[in-house]
Amino acid sequence: MGQRVAVDVGGTFTDVCVVGGDDGLVVAKVPTTEHAVEGVLHGLGEADVDLGRVEFFSHGTTAATNALLNRRFPKAALVTTHGFRDVLEIGRGTKSDLWDAYADVAPPYIARRDRLVVTERIDGMGRVITPLDVREAEAVIETLRRREVETVAVCFLNSYVNPAHEQEMERLIRAALPHVVVSVSSTVLPEIQEHERFSTTVVNALLSPLVKQYTTGLEYELGRAGYRGRLQLLHGGGGLMSSQTAERYAGRLASSGVAAGAIAGKHIALACGFENSIGLDIGGTSADISIVFDGESRIVRNWHVDYGHPICFPSLEVLTIGAGGGSLAWVDDGGALRVGPQSAGANPGPACYGLGGTSATTTDAQLVLGRIGTSLAGGTRILDPDAAARAVGLVAAELGCSTEEAAVGIVRVTSANMADALRIMSVRRGHDPREFALVAFGGAGPLHAVELARELGIPEIVVPPHPGTTSALGCLLVDTRHDLSTMFIRGVDSADPFEVESAFLELEASSRDSLVDDHVAPERMSLQRFVEMRYRGQYRSLSIPVDGPVRGLDGLTAKFHTQHHREFGFSQPEAEVELYQLSVSALGVIDKPEVRPGSWGSPPLTPATHRRVRSVETGSWIDTPVFDRTDLFPGARIDGPALVSQSDSTTLLPPGAGAVVDDMLNLRVTPRQEVSAR
Amino acid sequence: MTASEPAIAKPAAVAPSDGPVLDPITSEVLRNAFVTAVDLMAEQLLRTSHSFVIHARDFSGALSDANGDTVAQGSQDVAVQVGTLHFSAKAVLDAFPGDICDGDVFVLNDPYAGGTHFNDVRVLRPIFDDGVLIAMAQSNGHWADVGGSAPGSFDTTAVEHFGEGLRITPVRVWHRGRYLADVARLIASNTRAPEDAEGDLLSQAEATRVCEREVLRLTAKYGREAVLAAFEESQAYVERVVRRRVGALPDGYWEAEDYIDVDPNQGDGLVPIRVGMHIAGDAIRYDLSGSHPAIGSFLNSAFGGTFSAIVAGTKTFFPDVPLNSGFYRPLLVDFGPPGTVVNASWPTAVTGFYAGPYEKIVSAIFQIWSEIVPQRAISTSFNLEYLLLGGRDVRRGRQGRFMYYDWMAGGWGGRNGKDGSNATASIFGVGHAIQSIEMQERSSPVLTGRCELRTDSAGPGEFRGGLGLVKEVTLTDGDGVVLSYCSDRARSVITGTGGGLPSCPHGLSINPRSAGARYLGALASRLTIVPGDSLERPSAGGGGFGDPLCRDPERVLADVVDDYVSVDRARKDYGVVVRNDPEDPDSFQVDDVGTAAERRRLRGHRVDALHADPAAVAEMYVNGELDEFDLVRQFGVILDWGSGRLLVRTTEQFRDIFQRRCVRFWPA
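For the protein sequence lines, the chains are S and E, in the order given. So for the first sequence, our numbering puts the first residue at 1; every next one is plus one. So for the second sequence, our numbering puts the first residue at 1001; every next one is plus one.
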């Protein structure tokens, strides 16, 4: 196997991970640049990657997520059915917080002024009630032209059953405005329920120009540097897709960045023998938390960046909160210290970066307390302790305390925010965190891990060898994957099995086309059919795997009754059963690399240096040995207080904590010393 | 309180003082695990239920202790049922003293035993740990139909419950694990969709088994004693938090009113719902004595629905406190004598309690607490409304029946420093999702022509209310179709707060803007419609907060650009003159000079307009010179909106409210 490269672009850092070379796993971490491509090339250079020798390039990016979070979009519009311009805004009418009358749902991504309507109507059975009014359509196109709209979502009612009007509208727009990107709801997510379909399509439309511009630029640069393969992008469903597919399904990249971490965290935990694990990935701008129970991650079909604006592509479940190294500290109206969710980002970044930032961030507080050293990302970034102290001092002045006390406060508030998020993913679900392992990664994960584990009673922590670049590794552990579906609402008594079979054949043909687009060889394609079934009158369905061609529906109906009984404790063999949706999961199987650890040190283990670190638990300054991670070796043991420093991260072991190094060079940390390390 | 203590011997409920001391992590794990057990029950119910009403989250769930007190509620439960689940649990314990067995399941829907209305069917499973009754799991869901004289069981004209639907007093449907199919069949056979009814019964009963499984998992892991201690500690914790916060407030007495449109027994005139509230030390006492007698429509509430309104209203000002019986302990309620609109007794019709007293009590409580906690003040929010159509779906052959049952989101009140929320589910339950139109069009022969935010529907204010909607539907392939419309506030129009203006009236129109147009108002039942008939109705916007003449003209301009507010009403309601260049349809701008002059003019004469001769105003409405927005916002005049007939007494009352809630806050 030749070299395989993964690059994960985060809000603050760009991480590179190379496997399959002679040196085992090679990683690099460089600052994310405003034009992300520059950072990618810089990172590839740092990792000494010769793109001419690379056979596989896999890429995760938070670019789409950040665009949604910051609402930085190209000029966009929605074209929809007359009488339904507010589907996006009305939604389901619900709020995430039922009882707080001052908590609001975020405004729709496209304001009412840019939601344009055309007279047309198709009913729920697919019959045309009112033909598309072409003159109105032309007037709408004129408005799009006048407003210099770059991207359009076309979302008509009932297009999931009959897409003709949407397709006609798409043709008219493309003919008149060839440079405008068009996302059509019956293509993006051909599923019943207008709000969910429209919302997903709008997200797709908003992200398409960004993604297209981004992948085109990146592919060009990679090609110039000698890469002959295809650019593969990690989508939120935990699979890869080609850049061509990504332009059409840009919305699937909305959770790309967080999916990579969740995949890597699960992989590491399972390799260590933990069936139950919590992934904690703390980067510059956010903390991403994922959970694996009994070896399985959860897939959600309805997630959001902002509540009320669902994205309904299948996605790995990850909880993201605005708490990272760059999170800004501030004092609220009530005089309380708050941290985040605003972030200083990569530029200017924390004050200690010396790039012009003057506001205190969590990273500044960590530096003031001695919890991190003055060099980040392998020395590519030298931190300025005086700048950090000045910034934290401003917060201290507002609070009326010392700079060190303010820094302790900032770290404690940050930890408390993270602990709440961990509780939501574990305790709130009835999972006892005492039965889970915490996989801590991202640049700042290992810095907070012991304090968080103590707070939740988590008995064991795994810190992988290269915490800061672990997410990137996730991009190399997955297959190409497409999820296609079609609505097929029909009673089992009236449905024609041949019609079901031909609908499946059609889906499979489209799936194969998508895999071919992604350059998957036929022998690597693996397709699985599913049928969604339910009792007539039920509003949700069960997914039943379908093996082999459909010749009759009795077998599937029997399977449905059995599965309904197994999952819900009852079945109704007398009741009418209906088909709801047909879907195909299409995999292009990719060989997974064997991840061999790189080099390690040898005994005896001695600290590289010592540093005074202020404890956030007791407030006292403690003289702390600092070990270099590259000096560690399998079986090495470190007791807290200690710091383990490496180019992409720092692990903090407060007094009482202990760690041993396992054969894969993971640090296996026990939060409390009295429970001996396993 | 009407519900009595359970008659069975108290099982081993352990107070934290004499039980094992729970460490803080175990206590928190268990407290959250209880909520999770209820949420998992909800999740299963969502996946298996037949009623689309349940699917839209018109349901709730509870884990109660062996006394029937609620230990945990679902985190997304519909507000209207929150304060009633303990009553149902206690009603079962009362009805079967010493006769509750492992493997039993009970059903009831009795509003006179602390329930809400007949559609809310509660299924309870006692949970036994090694033969000892330790808890009950309860799943309460709104069935789409429970019989009665109107499809959907909403007969707005009913005065006694016999026409409303089947009353189920506590009854056993499983005994020691055996399904009592005869009993279930009796219940299901009294509904219009027996298969769906039985499907929901099974679905709810099996959902309670999920809760049972979770609780038994916890007793196996932590021990029964720890779980029982945590039951009590979960309630005590909530009680401690509420008492501490109430104790920090000044003692005092407050009162507020809101109004139901009309008592058919009396004719023209709003029906006041008056809520008094005392804070004394760390307890709150609500006083509903002296309420209006039960009214001659189905808009009455029995004590369960009323208690729920008090809990939901109060909880809004304690948004972060978990909900269980610990929350009820510091709340004392004097319901007054039986037979009133808020304490209706058998056999008074109560199915419309949600649209009548419930919303009004919550609204009055919002008024009271807005005064006590001004930083969370909120003006009036729209009133829940339901349109029901039932009959034959011709698309599905001779046997095909359909039930179209539709409710809308609407505007919430303007707030202190913030506009109200647009198109939000009602106070009845913020989690009560509106349905997908595409789903409706598959399941019913009803085509939606329009469902969008209604321009100008928000009550004007310095911080305006949220916008309501307008929805228009047409019956297509139906036969023998009967309509019910269940709402309120066609006359008791949503008012503003602190100088803010009212929003707009509710009301259903058949075939509007055509020769055969008919206006049905806020209540209608058992009316036959035919294919081609169209039905149009608005949901109100929220009331305005603060004087609209103080609203920043740039914010009014932004509202005009988004067509939330029309150019015309920007001038009439806000005194803001907006100009648009006909050459450039996207150009809107504020005419500063014109705005200053218009605001001056309005300040000079707006108080006088509220004293204009109502009869003359009504005539201008009939002649088309004024519209309903003008009448409620500028003149304070209320009509029968269909005929244009002046409601003399109602107008007097409305103008009086207008003076108290609005005019007195305007600068002289």
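Think of the hints as simulated: they come from the structure by calculation, not from any bench. One or more of the hints may lead you astray.
What the hints assert, rightly or not - Residues from chain E that face chain S, not an exhaustive set, calculated with beta carbons under 10 Å:
id: 1; residue: Ala1205
id: 2; residue: Arg1243
id: 3; residue: Ser1534
id: 4; residue: Asp1563
Heads up, the beta-carbon is just placed ideally off N, CA and C, and yes, glycines get one too.
Do the hints match the structure? See the list:
1. About 8 Å separates the beta-carbon of alanine 1205 of chain E from the nearest beta-carbon of chain S, less than 10 Å, and the hint is met.
2. Evaluation of the arginine 1243 of chain E hint against chain S yields a violated restraint, the C-beta minimum of about 19 Å exceeding 10 Å.
3. The beta carbon of serine 1534 of chain E is not positioned within 10 Å of any beta carbon in chain S (closest approach about 12 Å), and the interface hint is therefore violated.
4. Taken as an interface hint, aspartate 1563 of chain E checks out: its beta carbon lies about 6 Å from the nearest beta carbon of chain S, inside 10 Å.
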